[in-house]
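Using the hints, put the two chains back together into the complex; each one sits in its own frame.
The chain contents come next:
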Amino acid sequence: MSVAEISFNLKDPQEREKIFGHLYEEVFPVVATLIHKQGGSLQDAKDIFQDALVIFYEKSVGEMLSIHLSDEAYLVGIVKHLWIRKFKADLKLISLDYFEKEITLPEDVDNSSNNRLLHLLEVTGKKCLELLKSIYYDKQSMDEVSKTLGFSGAHSASAQKYKCIEKMKDTVKQKSLQYGDFTE
Amino acid sequence: METSQNDIVKTEKYLMGQLPTEDKLLFDAQLLIDPVLKLNTFVQKRIYSMVQLYGRKELRKEITAAQIKIFNNPDFQERVHSIFKTP
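Protein chains in written order, with numbering that gives the first Met the number 0: chain A, 0 to 183; chain B, 0 to 86.
Bound conformation, chain B alone (with noise of 0.2 Å):
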């Protein structure tokens, strides 16, 4: 578990362009000769890009919420609907 928490915490420096250049480059060139680093970086890769994923789909619910509730509002509505009323 140490050594996979060791794994994971690199590849997360590196994947967030925080390894400093020497170790950067040590990594990239690991990469190329390590199938399973390849795989594993790639993995951990796709797990932020989904975590972004469902970080902007849980906040549009909320701007949505926002959204539906001011438009509710009939003093709002009116404001803006007469702004696409104006040529």
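Chain A on its own, in the form it takes in the complex (with noise of 0.2 Å):
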């Protein structure tokens, strides 16, 4: 499988399925020897397999993917550079070739489990939150969003989006002055 048809693939929630099945099968056994050498457990493997492929799954369909690298090897170094990350790892202790040098985290992969106002969102507009993260998140074109969320087009699509950021705001604006969030 390569890097190209895996960027197509991964916007399609199904083949992502697959995916996902595939690099767990094919690739966290190396990243789990990997994080094994470095002293980690098997729990910090899964941990930062997990966020591992959220990167990748973000840079994919960002389409900032370096071409040089297999998804293998890809996935690979930004375990390594996660695991430097987390861990203030030596340098010295785990080597980074020089593909995997051009490897750039995002700053946080952060979690969004306790977050009061997402919540919010999820209970007064789910759809909304759906349409925004087709486009936005899972970058895909308005013809994709119309497709996979059942608009008559992409002009359709592309007004909900507007009516959508509309009333997203006046939920914010109304929320987060009451959760004193404004301190900017």
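Because the hints were derived from the structure by calculation, they are not lab data. Some clues are possibly wrong.
[As the list claims (entries may be wrong)] Subject to a maximum C-alpha distance of 27 Å in a straight line, what follows is the list of computed BS3-like cross-link-like pairs (lysine-lysine):
1) Lys-9/B to Lys-174/A
2) Lys-44/B to Lys-23/B
3) Lys-44/B to Lys-58/A
4) Lys-60/B to Lys-85/A
5) Lys-23/B to Lys-37/B
6) Lys-37/B to Lys-172/A
7) Lys-45/A to Lys-56/B
8) Lys-168/A to Lys-12/B
9) Lys-166/A to Lys-9/B
10) Lys-17/A to Lys-56/B
11) Lys-162/A to Lys-174/A
12) Lys-44/B to Lys-125/A
This is the structure in structure tokens:
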């Protein structure tokens, strides 16, 4: 499976399930061996691999993947960077090759479990969140969005996008004021 | 609605770094003197970060499901556990 194929197919949830299964089967044992050699546990390997897959996905759909690396090598490279960042590991103990050094990570791969505002938006406007997620997170084109979410066309999806942003702006303004979030 | 949509489009371009330099500088200047624009820009930025947070949350659900599925396979489980048994 090439990187190009993965980039293309990752936007399809059913294909994504297969690709994640494939990556766990093929790459996780490599990552587990690496983490074990660094003194990490199975749980460390699972946590880091999950973060690495999130980054891998975001870079794939954002078309920022290095074309010099296979999907396996790229994932392993991300894992190495995450390990160095998480455990402030000594660069001498974990080697990065030329292409791995080129990999950059986002500042954080934050977890959303305790976000009050997100929880509120999920309760009040799940459909809008789904639409905006398809556009901004999954980087789908308006044509893809209209097909997957059942709009009559790209124009209709685009119009709904603006309505959703408008609606969410009202919710955020109202609730953030209550939460005292506007401290900037 | 039209004006509001135009504002959203322009603010989006500003936040995504897609405005030409001249327009960006103008937007920066407007932010300094227009508190409504400042608030709207801040709120729109928060919406994009909430969408990213939501995207990651949903993606993590899919990844966790894939992890559970593969670890339910005894052969895979054995293969991984044997890695951690080696000194």
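Report the numbers of all earlier hints that the structure fails to satisfy, in ascending order. none
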